[in-house]
Amino acid sequence: MKKVLLAAIVAAFFASVVLAQTTYPIQITRVETKDYFGNIRASFRRGEVIIIETEITCPAAYYYYAPTGVNYLLLIPLYYQNTMVGLTLTRGTIAPGETKTFGGGIATRGGDPTGTYTFYVYVWNGFPSEMGAHWARLAEARTGTVTVTP
Amino acid sequence: MKARWVLVACILATALVLAQPTVVVIPITAAPGSVVTISIRGQGAETCGIEIRDPANTLVFVKEITLSGGAGSVQWGIPTDARIGSYKVYVSCNISGNTTTTMTVSPLVGGEVRKDYTPLITTIAVAALAATSFILAKRELK
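Chains A and B, in that order, give the protein sequences. Note that the working numbering has the first sequence beginning at 1, numbered continuously upward. Note that the working numbering has the second sequence beginning at 1001, numbered continuously upward.
Isolated chain A, as found in the complex (with noise of 0.2 Å):
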């Protein structure tokens, strides 16, 4: 009887880890491109400014875990190729049953490579160097591509 207790706990224990991996307190809702105007555009020429816009929410479910809100970085790196050649980011507070919406600019310059660019958005609870071993991603992360024209 106690050998089958010692079991069920071990296995409560991992399935926790493993649906700690799937559950995520915020959700990434809608990613768009745009250019500085608000027109949404998936092709920028050289020097122009790409605006990625990124709506977040927390379910309202989640006030049963953080009833105070979830701290988050979300981070927007653009990459072309392996180099990541723009970066746009902010920090906050979201609660649960809240949607924010935040859009940062990454310029483009005018000796870029042209072609495809890859963004992601990440939202992570701090950056690694911050967060050591506590570090945890805080929703699914999403991906989009932009394309560079001379």
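Among the hints, a few may not be true.
Quick list of in silico lysine to any residue cross-link-like pairs, SDA-like style, CA-CA up to 25 Å [as the list claims (entries may be wrong)]: (1) B:Lys-1088 to A:Val-85; (2) A:Lys-100 to A:Ala-42; (3) B:Lys-1088 to A:Gly-132; (4) A:Lys-100 to A:Val-31; (5) B:Lys-1088 to A:Ser-129; (6) A:Lys-100 to A:Gly-47; (7) A:Lys-100 to A:Thr-68; (8) B:Lys-1088 to A:Ala-141; (9) A:Lys-100 to B:Glu-1064; (10) B:Lys-1088 to A:Lys-100.
Since the hints were made in silico from the structure, they are not lab data.
Knowing the structure of chain A, use the given hints to seat chain B on it.
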């Protein structure tokens, strides 16, 4: 029998607490414009955050990766105008914990390989000078 189960549970718990992801950067020294691979070995399908900071502590790379079978890798293309020096690579995973390593960005050493004709030219010049001296000395003797 009970003690054995407790021991197994303690070993499992200790292994989880003390576990750290293993991070290997290849090559450990690279030039601006080249690509390095950061390989991570952790646990299962955990998620890891990777952050690289240059010698001035400026963020130059940030990426998230979900391991497959406890392993995964990302590539970082070092910008051509990257600062020379020691870079810190921070990796934090949601199960196996965190680790920090360093890599170096050094300027490209070397260049075009060309044959050095200096010894040959010097030898010919010395021989010509010796021959001229010999001829002049012989004329003076006449």
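Against the structure, the hints:
1. B:Lys-1088 to A:Val-85: holds (18 Å)
2. A:Lys-100 to A:Ala-42: holds (23 Å)
3. B:Lys-1088 to A:Gly-132: Judged against 25 Å, a Cα distance of about 13 Å means the pair holds.
4. A:Lys-100 to A:Val-31: holds (12 Å)
5. B:Lys-1088 to A:Ser-129: holds (9 Å)
6. A:Lys-100 to A:Gly-47: violated (29 Å)
7. A:Lys-100 to A:Thr-68: holds (16 Å)
8. B:Lys-1088 to A:Ala-141: Distance ~24 Å between B:Lys-1088 and A:Ala-141 Cα, so the pair holds.
9. A:Lys-100 to B:Glu-1064: holds (22 Å)
10. B:Lys-1088 to A:Lys-100: violated (33 Å)
Taken one by one, the earlier hints fail for this structure at numbers 6 and 10, listed in ascending order.
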